[in-house]
Amino acid sequence: MDVTQFQQHLFAKGIESGCSNMEIYYEQVRSTTVRVSKGEIDAYTIKESGGLSFRGEFASKMGYAYSEQIDERVIDYLIEEARNNAEVMESEENDELFAGSASYPELTTYSERLTHVAPQALIDAALEMESVAVEADSRIAMVRSSSVTISESEVLIANTRGLDCRAKYSSAVGSISVVARDAADTTTGEWYDFSLQDFDEINFADIARKSAHEAVSKLNADTIASDNYPVIFRNDAASTLLNAYTTIFSAEAVDKDFSRLKGKLGEQVAGSNITIVDDPLMPHVPAQCAFDAEGHATRRNEIIKEGKLLTFLHNGKTAKKSGIDSTGHASKGGYRGKIGIAPHNLYVEPGTVTLEEMIADTGRGLMIVQLQGLHAGTNAVSGEFSLSCIGFLIEAGKVKRPVNQVTVSGNLFNVLNEIEEVGNDLRFTGKCNSPSLKIKSLTISGA
Amino acid sequence: MLHPALIENMLTAALATGGDFAEVFVEDKTANSLGMIGGIVESALSGRDYGVGIRIINGLFAVYAYTNDCSEDNLIKVATSAAQAIRGQVKDITIDLRRTTIPNRHVIQFNPSDFAKARKIEWMRRAHSAAKDYSPVISQTSITLTDSVQNVCIANSEGLLVEDCRTYTRMGFNAIAEAGATKQSGYLGPGAYAGMEFIETMDIERYAREAARIATTMVNAKYAPSGKLPVIIDNGFGGVIFHEACGHGLEATSVAKKASVFADKLGEQVASPLVTAIDDGTIPNAWGSLNIDDEGAPTQRNVLIENGILKSYLIDKLGGLKMGMASTGSGRRQSYQFAPTSRMNNTFIAAGDSTTEEIIANTEYGLYAKHMGGGSVNTATGEFNFAVNEGYIVRNGKIEEPVKGATLIGKGMETLQKIDMVGDNLDHGQGMCGSLSGSIPVNCGQPMIRVSEMTVGGRKGE
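Protein chains in written order, with the working numbering: chain A, 47 to 493; chain B, 45 to 506.
The following block holds chain B by itself, in its conformation from the complex:
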């Protein structure tokens, strides 16, 4: 992508004012997206992102500069101007880049760019038809297919020179149901670190009908109740609860500054003993996986919480320097336009012993949250929220009428302590996580769990 000799010159220029460490991140990404509304292709976009980011660390201070004018002169100029922000004793650092080859865990069969758009559109049309035909109340559909291939080259003043290629494929199924003046939508967005084989082997109709089923169910649903209730959260993307309630709070970004409620809590009981939680960047072809993180460190399987005891944080290089701990392979960024920081990969609560039937049968009155939307958290206070896209009332151990429009809120550690049942049906769902270093693909996963009490943001008297 860039000649190693040029990268060496950039690193040398970056360290000319006394920096301890310098890093170059080169990115060349092609992306395609197709959008179909009501069975008609309404948008088709392709493009190429290309740029270089340069980071210099001096002590605990970091300079980041990026450009997409990748001429040799400009790259040296950018490295030199970034170095101007550092005034230190020039160290004796010899840069000797040695190319490292990383083992590839993810088999990609069909490169998305080699696939004719017409074939992708046929898949989308099948999705539209299946959703539309599900029920006469389905008034509109919106189907998307996005893919990208991101080539990266990461080099640093410690001699690392490594390249990787990440392939992502995702399909979005959105169905809208209409009844009178009410409109409700159902959405599913399966994705993978994979090529077109992901969609070729996907049961497209099943996802499309499921999105239509959610919309159809919700259009006739009453509002969720309001107040504190036991909440059963289904498996798969339900893991967004851990992502928000705890995952972000374990990132070095906030832990290193002691601005997280989980700072200084290693070895302490932070969750119910039923909770074991893992962030695993190594799962083959999973949406949030990587061979190496965006600092060139191999990804790992990090046990974050074991039987309720906090075992590990999520750490990037700079966070590690601030905390005096090693990187956990968690340095990530959306693109060369962001300095890397500590982020999640595939985060999940491990399977427990309860069956789903037991969990529901043991709940006298509560909310069953079947499909979740996104959420957010304030890591300093632990206050988090996430949306329920499909919910039901549980009464006397049985799932009863559907309810809509409920956001669930809580405080991280309090909620983790209140997890009183963990199911045996672990699954993962896909999402995009937005934070300091941009928007990145992550998996959220869990088996079905029950929280003894959460605040449900429904409506009164409806």
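Only chain A is shown next, with the shape it has when bound in the complex:
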């Protein structure tokens, strides 16, 4: 059933049931993935899925329900469940439907051409990555997975107050995971890259060579003595670490007492060399978007400027409570979720030093290139982390040898104040992006 038609039937039925304010959030995703192994196609996956979230106001309380089946049969279910869910809500502040922003930024998030890439091109690219990786170094023992995905999606948010936001997105991603072996050791290396516009823009051979380099360079790692060391988080590791803590900026987390930044607006919460921005309007980044999950137009927000906390991330509800305009950060995590708060394209503003210069400036320290178990080893409430990591020992300004079987531990709120150098190597790969960061001292546990 066509979603617009479904929407009309749903809203008509809702009005009959005494509900006047209603909204749908509809999402549809299509993708094709090819994975190869040993010169053959190993798996081929075609995805086509979508769903619809309904929310409606019953007795001045908002209730939610969702369905993946979009036809007449679920209309009663959606209204009934939304009503039941509204009934039990006790929160004092209510979600309100938004009529729409005066204007929305014009963004190019969809490439028709990209979605028409022939399946054979995906297969060829995945095979190319595999063979380049195997030939890149004699120590590459196998390719665990070499895959290429093309995907497209569309989002529609429409409500009875007149909101009608639509967007389409597309992307192509190549990713590879390889295993390197020598007489004494086994390591893995992963790399990926993407394009939002043009399949030919992706350098698959380069992805393969980088994954091989990652794996081979980690061979024959050993632990190091437990001690406090200066630590460089390479850009990808720094992004991973910060990504585990983005909820600290959420006005909702602040309001519910889950963030230690509560009461710190206008205060210095990070070193004066740190500026953190969320910019969903930036072109060619994966998290680009013109409106948030409530239909608010998005904009560039400075969250931390030279160490000073300027704003939290808001949705309509938290903004109203604080008496300000929404910052456009309503999130939904797909049609199954409820309205929450999340960054779009958060990043640490880059500095001027290269990673090489950072290493050269370090007498003795550890460069971390990979962090593991972030879902368990980080605590966004306390800020503390203790994480398994892989990296390289630096001695006299030079990379000495690979290091594994160590953990790095500290507290993010302290880390933000102890960043000595900010790299110039910012790369946009997701919702949270950082250049390489050098921290004065963190505890490394090893031997």
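Keep in mind that the hints are not guaranteed to be accurate.
Claimed, not checked - Quick list of simulated restraints, FRET-style, between CB atoms:
id, chain 1, residue 1, chain 2, residue 2, range
1, B, V134, A, E247, 37 to 45 angstroms
2, B, F154, A, N266, 54 to 62 angstroms
3, B, N406, A, K446, 37 to 45 angstroms
4, A, D407, B, G82, 41 to 49 angstroms
Stated by the list, open to error - Here are the simulated BS3-like cross-link-like pairs (lysine-lysine), alpha carbons at most 30 angstroms apart as the crow flies:
id, chain 1, residue 1, chain 2, residue 2
5, A, K351, A, K486
6, B, K355, B, K462
7, A, K93, B, K302
8, A, K308, A, K256
9, B, K355, B, K366
10, A, K256, A, K444
11, A, K446, B, K272
12, B, K442, A, K84
13, B, K161, B, K176
14, B, K366, A, K93
15, A, K351, A, K367
16, A, K446, B, K504
17, A, K107, A, K366
18, A, K214, A, K59
19, A, K308, B, K504
20, B, K161, A, K302
21, B, K504, A, K444
22, A, K354, A, K378
23, B, K366, A, K84
24, B, K135, A, K84
25, A, K107, B, K161
26, B, K414, A, K302
27, B, K442, B, K504
28, B, K176, A, K107
29, A, K84, B, K302
30, A, K486, A, K446
31, B, K73, A, K444
32, B, K272, B, K442
33, B, K455, A, K444
34, B, K272, A, K486
35, B, K266, A, K310
36, A, K486, B, K504
37, B, K455, A, K84
38, A, K308, B, K266
39, A, K256, B, K455
40, B, K73, A, K93
Treat the hints as calculated values from the structure; they're not laboratory data.
Backbone N, C-alpha and C fix where the C-beta goes; we use that ideal spot for every residue, glycine too.
Using the hints provided, position chain B relative to the given structure of chain A.
Showing chain B alone in chain A's frame:
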């Protein structure tokens, strides 16, 4: 759910280009979740997932397609387009679906959807009050109650046609303690393959107070030490150590490609002789149990390691084809949006002979890990990690001061060899396991064990 004649047509269309085997997975799931923060209901969500996955295997190559446009025309179209990825000699396969009825091991008394939300909320309020009243340092609570009923229909070109209904109920208890600028949380999440009777018979206050106790203890704890120490891991969810150090490495996903450190090791000593480990998908009403796996094979009790010797892997259909071995009933997936692969169900280290008192009394200096968080592993290298949510220093055979913030790391086989004491108090804890085929419910279990040496990721000089 879908008419068998339509499923037969889909399977026929799927095999039209020469596939060896085709499978249809139909899912209709309803889910409810309630969230209460500080005693106030802040979220209530319900929904219905409905979709169909089609898999075609040709040799060792698999095509997977899924959709939730379940009109007859579209389903045939999806089967046909999936078949386009295969170019083979068309085989003479006649599809004759025969409905199989499976014995149900799990008694469900009260379907969660039949229960008024108001009653669920009363339970949550009791949890909030018990946690909040535990201590004045408890500054916030977050209580969740989630339930789901997943109806599945699995059919394949070998004639299998089977349906099952899985009911899950889980309650989350999260308490936050605050002292000065320090905040710490305590969490417990008991769950079962069961209906509302699971919560009706649960000692809600006990779990709530336990979560509050963890937070209260940890808010005053110093940092764990850093370096290599003997580690005592308590029973129950402590079994996450086996899940990460070994369980994932036994999955056909990595063993078939010989990308696991446990590949080609059947019959070899891979762990201390004190270790016997089992993955059992048949335990009545256990969180990780199933009557049949997501390929329609009955689940089993699989002895993985016996007295330190590797006895079995965890195998799904495709993994079995690649390895030349039979399925162990371990093919699982989060939903129709994932092709099934080899996964764990309820994994545990079997009980040994030592009492908990003996284990602690025999430890001169080390870390006692009482409550564990999640972890992860790289199966190719065996390097794993998991978090300790509540820890203590053991000194001269006695449990002493609490310590916080420690992740434990090790390498799979090395750590298994270093298990030098196994207790007699086997218990299980519940978790969600994320991997290739999505996030699925699993139990991790063990009695108290001691590892002679692990790297503890604490802080220096604190």
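Comparing the hints with the structure gives:
| no. | hint | in the structure |
| --- | --- | --- |
| 1 | V134/B to E247/A: 37 to 45 angstroms | holds (39 angstroms) |
| 2 | F154/B to N266/A: 54 to 62 angstroms | holds (58 angstroms) |
| 3 | N406/B to K446/A: 37 to 45 angstroms | holds (40 angstroms) |
| 4 | D407/A to G82/B: 41 to 49 angstroms | holds (47 angstroms) |
| 5 | K351/A to K486/A | holds (21 angstroms) |
| 6 | K355/B to K462/B | holds (19 angstroms) |
| 7 | K93/A to K302/B | holds (28 angstroms) |
| 8 | K308/A to K256/A | violated (41 angstroms) |
| 9 | K355/B to K366/B | holds (18 angstroms) |
| 10 | K256/A to K444/A | holds (20 angstroms) |
| 11 | K446/A to K272/B | holds (23 angstroms) |
| 12 | K442/B to K84/A | violated (55 angstroms) |
| 13 | K161/B to K176/B | holds (22 angstroms) |
| 14 | K366/B to K93/A | holds (25 angstroms) |
| 15 | K351/A to K367/A | holds (24 angstroms) |
| 16 | K446/A to K504/B | holds (23 angstroms) |
| 17 | K107/A to K366/A | holds (16 angstroms) |
| 18 | K214/A to K59/A | holds (28 angstroms) |
| 19 | K308/A to K504/B | holds (29 angstroms) |
| 20 | K161/B to K302/A | holds (23 angstroms) |
| 21 | K504/B to K444/A | holds (25 angstroms) |
| 22 | K354/A to K378/A | holds (28 angstroms) |
| 23 | K366/B to K84/A | holds (13 angstroms) |
| 24 | K135/B to K84/A | holds (25 angstroms) |
| 25 | K107/A to K161/B | holds (16 angstroms) |
| 26 | K414/B to K302/A | holds (28 angstroms) |
| 27 | K442/B to K504/B | holds (23 angstroms) |
| 28 | K176/B to K107/A | holds (27 angstroms) |
| 29 | K84/A to K302/B | holds (13 angstroms) |
| 30 | K486/A to K446/A | holds (19 angstroms) |
| 31 | K73/B to K444/A | violated (56 angstroms) |
| 32 | K272/B to K442/B | holds (19 angstroms) |
| 33 | K455/B to K444/A | holds (28 angstroms) |
| 34 | K272/B to K486/A | holds (24 angstroms) |
| 35 | K266/B to K310/A | holds (26 angstroms) |
| 36 | K486/A to K504/B | holds (15 angstroms) |
| 37 | K455/B to K84/A | holds (28 angstroms) |
| 38 | K308/A to K266/B | holds (24 angstroms) |
| 39 | K256/A to K455/B | holds (25 angstroms) |
| 40 | K73/B to K93/A | holds (19 angstroms) |
The earlier numbered hints that this structure contradicts are 8, 12, 31.
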